[in-house]
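**Q** This is what each chain is made of:
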Amino acid sequence: MVKRLEAEVWSQNNCAGCGLCVAVCSKQVLRWDGEDHPVLEKRPKVVGFTKGNLDSCSFCQKFCEEACPRLERWSPLETQATLSVKARGPVKSGAPNDIIRAILTAGRSAGLIDGVAMLDLDPWTLEPLARIATTVEDIVDTVGPQYLWAPVFDVLNEAVFRWKMENLAVVGAPCASEAIRKLRDSTNPRLKPYQSSLRLRISIFCTGMYQPELVDEVLIRRMGLHRDQIKRLEVSPDRKWLHAVLWDGSKHSIPRQLAEEYTRPGCATCNDYLGDSADLAVGTLGAPEGASTLIVRSQAGDVFARNAIQMNLLETGPAVDQEALTASRQEKGRRAAAQDLMDLKLLMLDALADPLQHNEAVRQFIRLYRTPARVNEPDRPQNGCTGC
Amino acid sequence: MIDPMLFPVAPPMIPQARMGVIICRCGGKMEEALDPYLLSERVRACSNASYVAVEAFPCGKGGQERIHRAIQSEGLDRVVVAGCAPRLVGALFQRLAVRSGLDEAYIQAIDIRESCLIPEPGGPAVVADLAARKISIEMARLGRAKPVEPLTYPIRPSALVAGGNLAGLVTATSLANAGLPVYLIEAASALGQAGMPSQSMAALAALVEAVKHHGRITSLTNAHLDGLSGRPGDYRVQIRQGNRVIEEQVGAVVVALDAHPRPFHSNQWVDRERVRTQVEFAIELETVPLVPALIPPRHIVFLLSFTEAERGGSARVYSRTALRQAIRARELWPGAQVTLLYQDLELGEKFGEGENELMQARATGVSLLRYQPARPPVIREKTVDVFDPHTGEERALAYDRAVVVAPFDREPEADRLATILGIPQDAQGFLIDPRRRLRPGRVTDDGIYLLGGAHKPQVEDEILLQAATVTARVKRFLRQGAFQVKIATARVDANRCTGCGDCTRACPESAIRLVPRESVLSLSQVEPTRCTGCGACVVACPVRAMGLPGWEDDSLLAQIEASLQAPVGIAQRQPRIIVFGCEWSGQAAAELAGVRGVSYPGNLSMIRLNCSARFDPYHALWALLNGADGVLMLACPPGECHYGHGNRLARNRMAALQQQMQEYGIDPSCVRLEFIQGDDIEKFTQVVADFVSALQKQPAGMAL
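Going down the list, the protein sequences come from chains A and B. Quick note: the first sequence, position 278, residue 278 per the numbering used here, numbers continuous. Quick note: the second sequence, position 500, residue 500 per the numbering used here, numbers continuous.
No lab work stands behind these hints: they were computed from the structure. Hints should not be assumed to be uniformly reliable.
What the hints assert, rightly or not - Only some residues are given here: those of chain A computed to face chain B with a beta carbon under 7 Å:
#1 92
#2 269
#3 347
#4 349
Said to hold, decoys possible - Below, in silico cross-link-like pairs of lysine to any residue (SDA-like), each with a Cα-Cα straight-line distance of 20 Å or less:
#5 240(A) - 226(B)
#6 3(A) - 663(B)
#7 345(A) - 625(B)
#8 192(A) - 216(A)
C-beta: ideal position from N, C-alpha, C; glycine also.
Sequences and hints are given; from them, build the entire structure.
**A** As structure tokens, this is what we get:
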């Protein structure tokens, strides 16, 4: 039932927007409807003699709960290797999306995967969307994730059931990898098809995905560009700028800080910047000029990285600046604080419903706010107070 | 590494703060219900006040002098004056504080009169307890109060005028004549192009020439505003001219766009030689004195009929333009018969220019005919057919010229400026001045100004009047040299900010921007000159990295604590209610109820908020957890928030909280938000009574 998601994720504005709950919903009653989170649909249905709104959600085996990455706190997977890499072959580049394309191309050529579900941009409308790429040509044609939000698992059912893909790679934000991790932990046999076909998780480094309205608001209204003038959007390698590349070759740039104002609300409490749950995480942080950082976190990731290097599509470079990566790990604390506060609200609500939780909630509140007078004002005279 | 567990909310309380409490006898008025000496005993017993005194008239000269001496001799840091009508006497005590060497923020007058009005005859003991609780809430607040540091900013004496039509040209010229450097940008390829052709095109052309050759005006055509940063008095503007980007620094920005007449449009064929829009006819009238028409028109019909969509604030412009043109046509072609068909003539202000024009039109022999809305005039091939309600007959007016209205659109530039400057737009896309009622002509407190057709289509003399007022304001602002801000503005704790951007979205004034810093996360930065101190960001921040001095979490929590501390005598039987009252509505209404002696039920504790935007659901939950039976938020009615839309934010937050409580199986009726006006005592008592009776039916914290 979606109840837990409603109470703990959606109402807290904490939805990651990965879309896995929508994909795995057994009753197909979750859908996207312009909100920051999926909405539950109640369908009119004839049950016996009545024609009421049937809450089919209440019959389910909680697939959405077993897929939602935001119901869990994730500890990072152990890092196996950290490399600085550049794409070789036809595209010589150090941009993260080119690295991802190189790894996927190599993996597809070697038959390690039979398809990829990835975040992409529609070349005509610049709408972010999820796309399935099945051939090497498809993979080369994509532009890859551009930090514009779309639910990446939108195409999961198509890939798993329609195209019967058995070795599927997913490219998305770190939350998508967390979602797969959560899915794999499930013991529900009905989720088996997904578990067995999702083989590889690739994440980009991410501090927040932007709402697609960014394109309308900033590029079209503010910079006076038209959609059909824009060839593609890209994030500069140092992530300082968001570039709109026009068909005439010129480039318009927006500072990333401006784009950050359009960050999804659900990203405010996420502290997974480096794809901590992915097999492979790619980003520019810590990498030397003109290269990207590739973090390998699992056996599967290792196989894919080696494969790409063997096929000469990837080359490794000088060492990665570990300090930058460590520094970013330290910044986790700030967003962990946000998670604590969010949990506190749930705890307080719990305590109101269940008096047994009362002391815990009060303790936690005092710890987080460090403030109530009750603990801080020992000099209050207790003796003469007649009011009590 | 930062410890994520610690939320170092400002130090709890200044340990050595010496509190003084002055209890006012209000000249014996209150003594029927309240014994001030009993109250002073209670205060001494229940709080850590260092000095408690009863004073007959603290607002009188003698009383003021005694308080002054007490502050000096007792070394008091904070003073609570418990008496009446803080709004009336607040300023008086603030002056006293400054005279005695305290900051204004360290003295507070509160109203305890309403405590005397509890419905049950609880006797003086209960009344004293209630009053003592009010005093201890205020002491909890004062103990954490911080003075507001005034900020001084220099002002750069130069201005940017966006829009090179009549409004912009006049403003730019008069600012430049006053000795200020002016940048004039126009999106079109030449100055003085758009808008309704004025009655004197020659004068406009002369104005354009004057602007072009003025030493202090830099005029740029084909130029757009591309970006704006900084603060009032010191903006950094990026102007894009083709592929060139020019950066300038100016003290003020004047948006002087004009409205664009739409080209002629008709669903049926008409003879465009004879049917013209007002704009086209204006050009004809202008050219006639130069090149007289071969065949002067003999029958001229003005049609003031337009759809509701075309009306959109322009009806006045249509009417007045038609009147002027009718008068002018009679002057030029004395033999012509001029008819004006109207349904409603909007003439603007009473006894203004518009009415003079109407009288003049009548005098010059323009015939005015009012048609019925159900039967608007129709242009046929030979005649204009209209139903005359006076005779009850259809009339066919022959015409050589039929002049129809030309609806106005915003300049396309308006959209861009609205986004860059953060100005809202109406349905037609014209810019809305959100504070038009309070301070016309200003968008922000100062620094950005709107005028002319930027708001709505306007006629010439209105534009000129506006240009004059705005010019005067801009001059006054820019000549100050420096200006001071002394309101509490939001502060960011850099150690906790996660750069998520929630505050930038919550801020109604767009005063918060994200700036880069070394590591991966950005940092929010508040522009103090734009911040109005509503506190919306403080609540929106998921890590409590924002703070608003004077309305900090610790102060509000301490007040909640103080209000729940002592269960008060007979009032124990009543539900305990925490009321968060916006200073401008809830708090004001409660004070007024006290002053007027209106009684209401319940065991209320008022906690003052600067704006309902500062309402934090965490505080409500905390209050409920600590034994409050209900939490009531009183906010200004929709559209009347002093800070823009704090009440809307509060309503959404309250709705979300209620929804969540419902999901957790808690009865959501123990939290409530009500809209109330500051002087609406009846509604205040009504709301409180309703809430109390609802709570008595269903005690809080009870699972459904």
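**Q** Each of the hints needs a verdict: does it hold here or not?
**A** Structure-based check of each hint:
1. 92: violated, 27 Å
2. 269: holds, 6 Å
3. 347: Check failed: Cβ of residue 347(A) comes no nearer than 10 Å to chain B, outside 7 Å.
4. 349: holds, 4 Å
5. 240(A) - 226(B): Roughly 19 Å separates the two Cα atoms, so the pair holds.
6. 3(A) - 663(B): With Cα atoms ~8 Å apart, residue 3(A) and residue 663(B) stay inside 20 Å; holds.
7. 345(A) - 625(B): Judged against 20 Å, a Cα distance of about 11 Å means the pair holds.
8. 192(A) - 216(A): Between residue 192(A) and residue 216(A) the Cα gap is close to 40 Å, so the pair fails against 20 Å, i.e. violated.
Checked against the numbered hints above, the structure breaks hints 1, 3 and 8 and satisfies the rest.
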